[in-house]
Amino acid sequence: MSLESAGGPSSGLVLAESGVESVTQSNPPTPAPAIAVATADLKRPPGSGKAFWRSLEEWADTPEFREYVAKTAPEAAEQLVRSEAAGVDRRRFLQLMAASLSLAGLAGCRRPSIKILPYAKKPETVTPGMPTFYATSMPLKGSAIGLLAESHDGRPTKIEGNPEDPFNKGKADLYAQASVLSLYDPDRSRYPVRRAEGRLSQTTATWAQFDEFAAKVAERARSKGGQGLAILSGTVNSPVFDLIRDHLSQTLPKAVWYRHEPIDNANIVAGWSKALASPALPRFHYDRAKVVVALDCDFLGVEAEGPRDLNAFAQARRGVSLGGTMNRLYVVENHFTLTGGMADHRLRLPASQVPDYLAVLARRLLERLSDGEADAGVRAFLANFTPTPEFDADWAEKVADDLLDEAHKGRSIVVAGRRQPAAVHALVALLNAKLGNLAPETGPVSVVAPPMDAPDLTDLVAAIDRNEIETLVILDSNPVYSAPADLEFAKKIGQIATVIHIGEELDETGKKALWHLPMAHYLESWGVSRTPEGVLLPIQPLIEPLFNARVGTELVAKLVGLEPSHAHELARAGFAKALGLSVDSKEFESAWREFLHLGVKTGIAPPKPAPAATVDPSNVADALKGWSRGPELSRLNLELAFQRDASMDDGRWANNGWLQEVSDPVTKVCWDNCAYVSPATARELGIRTPTSTRQEAELVTLSVGDRSLTVPMIAVPGHADSSITLTLGYGRTEVGRVGQDTGFNAFLLRTTEALDIIAGGVRVERLGRSYPLALTQDHHPIEDPGIAKRIGTLVQIEDYRTAQAKEKAHHDTAHGQEDGHDQIEGGHGADQATSGDHGHGQAGIGTLNFDAGLPFRYGNSPEHPKFFDDIQTQNPDLWSGEQQWGMAIDLNSCVGCNACVVACQAENNIPIVGKDEVIRGREMHWIRNDRYFTGTDADDPGMVFQPLPCQHCENAPCEAVCPVNATVHSDEGLNLQAYNRCIGTRYCANNCPYKVRRFNWFNYNERQLGYTNLRWPKPYGPLTPRAMEETLKMQKNPDVTVRIRGVMEKCSFCIQRIERAKIGVRGAAGQTPGADLRVPDGGIVTACQQTCPTEAIVFGDIKDPNSKVSKLKSLSRDYLLVGDINTRPRVSYQTKLTNPNPNWSNAGRPGGSSPSRSGEGGPVDAAPAGSVTGLESGATVRTADAAEVIQR
Amino acid sequence: MAAALVGLILTALSVVGFTYYYAMPSYTRVGYAPTQPVAFSHKIHAGQLGMDCRYCHTHVEESPHSNVPTSQVCQSCHTQIKANSPLLAEVRQSWATGEAIEWERIHKVPEYVYFNHSIHVKRGVSCVSCHGKINEMTVVYHDQPLSMGWCLECHRNPENHLRPVGEVYNLDWVPPTGETQQNIGKELAELARINAPQHCGGCHR
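As given, the protein sequences belong to chains D and S, one line each in that order. Heads up: the first sequence begins at 1 in our numbering, then just goes up one per residue. Heads up: the second sequence begins at 1193 in our numbering, then just goes up one per residue.
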């Protein structure tokens, strides 16, 4: 079928043409006809078009797209089958099924004998059927996240954050959540592997053989004082490694430890160390900053080190940590990142031109902050600096003024990303110092000593070239894959006599090594990890190594001759040393026990003391020497910026199915990586955009010098012009079944001269071929009928001052004489003692008085003035339960990190479906993160995220249509799904307006992706072997059904956790008369809520006016998703707030002139017309009035 | 025509009747009494010796499962009592080697049903209601159908099976003279606010 060219000049985008051949066809591709592209189409007059759009196709609003949306279950359509994956269509499937049915007989009438196998001797702490939680931690490039791992019958099944972790506060990011699957990865290496003398192939060996070999290595090393021995690892920070390094310096002083971290903060350390004249690593406390200026720094996304910065930032965003004010975020970046999505002001600049911006800003700041002679050198340099890019002068003026504002003194952060050169960081250090941000104890910026100081890969290669390396031990690192391409590490490694690789999988490096040793996963290991601040976190095993593996530190200890080498002993010894106690002492035993129980030990100074936080401007001036202005970029001279991938990191997670399938939060690409450019640049290059019906991206060749790489390329709204972003971590060759053929290896373009940004000289050549790309951005569209009237009930964004004024008005009317409750939000935050009763049942605005004390606001919409009253009389059972469950999701807190998606997948046994099925829209995630672009400028939009679980509608459209009553409503407000009753008509999914229902089109659990016959083109066909890998079964949560094909599923509000809590409370109450059987607020946390780093999701009892969720729902910012269709969802959202600079009219605000919909710049309309919030629509609060209300 | 119709109706009725009687858990499950690897007699232990159920089924009050006892529990007495009895050879071997004894499972609800023991025994439903008079069984047999309809009967009318929590493990308890099960049950249900779930999510997750 051919797609009509999308409407001629009015749409203006080049959408994918059916004339473009797909990759696998053998006949030469016919060049696609050129499409005339009008020039002004990426911008619209304010107020026109859709306020929120998820893709450029939706922006263009082509007839094909409207048809796609109207097809309420596009995932069912057969014409979406891609041509080359002919596979099994419906007719063929029935034929095959009929054939197999004739072979099946009656299964046998005898009841099968089932055995019960109790323990012979049960361990004391185990209660069969109840999970046990152990404190552990996941080490993370020189830091660690404290975790609680949930273990069912000795199998870890779920990871949660450890609330005792002082930085991460009980949250976990998506890597920690997905790491449990990596534990059970059947493609992990299972045996030591070695290459015999003079042979090319590797054979399996035994640990005994390795032990022998290790003894020889240790002996030889000792005899030579360590000469020729090198150890290569990632960034490690642990008392155990300190022990090993101490041993090395004592017994093997000539041995060298190298560090290879492909995605590294070396530039940051170099810059700050220079500025402070001593080794330094900055730590940012975003909760203390009222103004944050982020320069190419995605601290909420790919530069995050676990959940800590997200949590801190969200505290400031909600005003909790700043005494009620909201922080302000300025972002200058090239790719549209999560941080850019939260920005109040955003400037798009290519990454190599960001330093130019900093120079202008710094000049402006130092003019006012100068203290005379000391920084003369810096000021002189800046005065003579001419920036390359042109940007509004306000960007320097207004930002500088905001930073210099009295109210923000010493309460700001200027941060630059890891890709920026060291000179930038040195200057950033100086600015922070001048702004007073480095105040000890209270400042938003502090410094610690860098955790690991070691020569890097370049030095190692130089040593190899000098023939100095005889034995190389590689610990948990994959340099053959991730080393800079010009080092040619794969060849160099062949020059070393003995290479020993210790890793979890037989990866690219393992294949080249003499010995490969399976390394234990952190959930199987003993150890101690440490954060740069010195906080110690234990690593304790929850299970014996599954695959015959050994802990990495143990193997290294063996190889260097450290005794005792057992990991448990090493961990204890390391901890004892850090505490200054003897391992044999009683004090140590009790400290160790407490350490393992609590999961954290604070108060121990890090091994290297923190440097003094004073910046020497002359050092900074020195660092700036040689800093030249950024390159002039254009279509013919593009920059290429490498970025850490949001799910793959540097490639270590390539075989993790959950991370492969969770789509990049901004670009919504999964199972692949892609080159990203701005729509304008795409238009210049003539790149076609994938569409919902043709999910194919165009292949291009990126050439830099004499290196080139073929990658797909798509346009990402909000990306900077003349810049290309390419994420690392894909295209691995030696990887398990899941990671095969995923993506393109960007490391091939990465050289030591330009590790992060190739500032110009990149050429793009279109190949005229396309590549199928799994893009989830248009999946599950929420149809917005009558769009003109109902704009804005999808997502709402408000100016923070407007919201405050509204909230105050809302409270005043509700409470009469209330005063001072002008906080943004009433529910979060530590001390809300005074805001105790926000339950305005009787006199509330827009509430209904059916149940006194109920703060929920279901307004009767103008279209249905008596609907709620009717539903109340018709369904009295609806509210009969003692507790009513509901959820509040704060769009102002959600940054889009996707931790909730992976947590839900882990908790609820959600399968992965693979790239083909994702292209069909069949991904199974119960909660998805919808990303909307906002505004009238497709090149420079705003962004807002909306996590969307099942809304548990009281008036659920899905319940009414199930022919077998498989989906019903509980008396506590949950929309239930009985899997055993479902026969798979999918009528419920058809009817769901939010598209939250997921159907098991195939037996995704048992017929595994790639874990079956790889030759079969369709992994789920009826003739493939039907078996889940044993180890993957172990990960499944036993409290949740594992669903088979043909069954509908959806978010259940973690009903297993709800019931567990209720059983706990009622069981404890027993038969005590009159006992309170309600689960206290906070007793039930859903999986998504528990892991959300920013605490955006809150679940609880909405019948209780004092519960956190009720307080959030009582805010005026609260609204129901497309609530005017009267589904009465139990999930409500709080609007996203923006805090634009009041002294800056409208330039640089995401979304062009306005983030939501108003025509003029300045204050945004308070409530959009037609939305059901129970408030007067169209009220506009002028800034002046708002200013009166706020006394700040 | 008429004869064919009558024949058809009779066939349909007999199929339905056959299914209704023979294909229901009340027929297929009730009476199942498999032979166990160790000839353990509840009649001796729980009946004659009067041991509390929880001595062996230790986690019934905390866990969804009422666990079958470990060999360690058996050996806590049988290292001294009948220490060399051939009937206990399996137990001694399991204790020595650490291998589990492979008991035949009798009571099993389908895997999509998440039954929780602890809430039942904590709230006043005795072992007897579902498992029958275990203390009179030499060989345990499946006493009640444990079908969904059967469970719902009690969930809808808990007064038929509630008893004071102190008497849950007293399998011989009968309502004291002058009282009926219904009266006692109703009173307990009211006082303790027993609200057994009748929505699907109560058991199906």
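Where hints are given, some of them may not hold.
Said to hold, decoys possible - Taking CB as the label site, the calculated pair distances span:
#	chain 1	residue 1	chain 2	residue 2	range
1	S	TRP1342	D	PRO1073	25 to 31 Å
2	D	GLY1064	S	TRP1342	23 to 29 Å
3	D	ALA208	S	THR1227	50 to 56 Å
I should point out that these hints are in silico values taken from the structure, not numbers from a laboratory. Backbone N, C-alpha and C define an ideal beta-carbon position, used for all residues, glycine too.
Problem set entry | Hint check for THR1227(S) and ALA208(D) - Cβ pair distance inside 50 to 56 Å | violated, 45 Å
Exercise. Does the hinted range 23 to 29 Å hold for GLY1064(D) and TRP1342(S) at CB?
Worked result: Hint holds: Cβ distance 26 Å, inside 23 to 29 Å.
Exercise. Are TRP1342(S) and PRO1073(D) spaced within 25 to 31 Å by their CB atoms?
Worked result: Given range 25 to 31 Å: holds, Cβ gap about 29 Å.
In terms of the numbered hints stated before, the structure departs from hint 3 and from no other.
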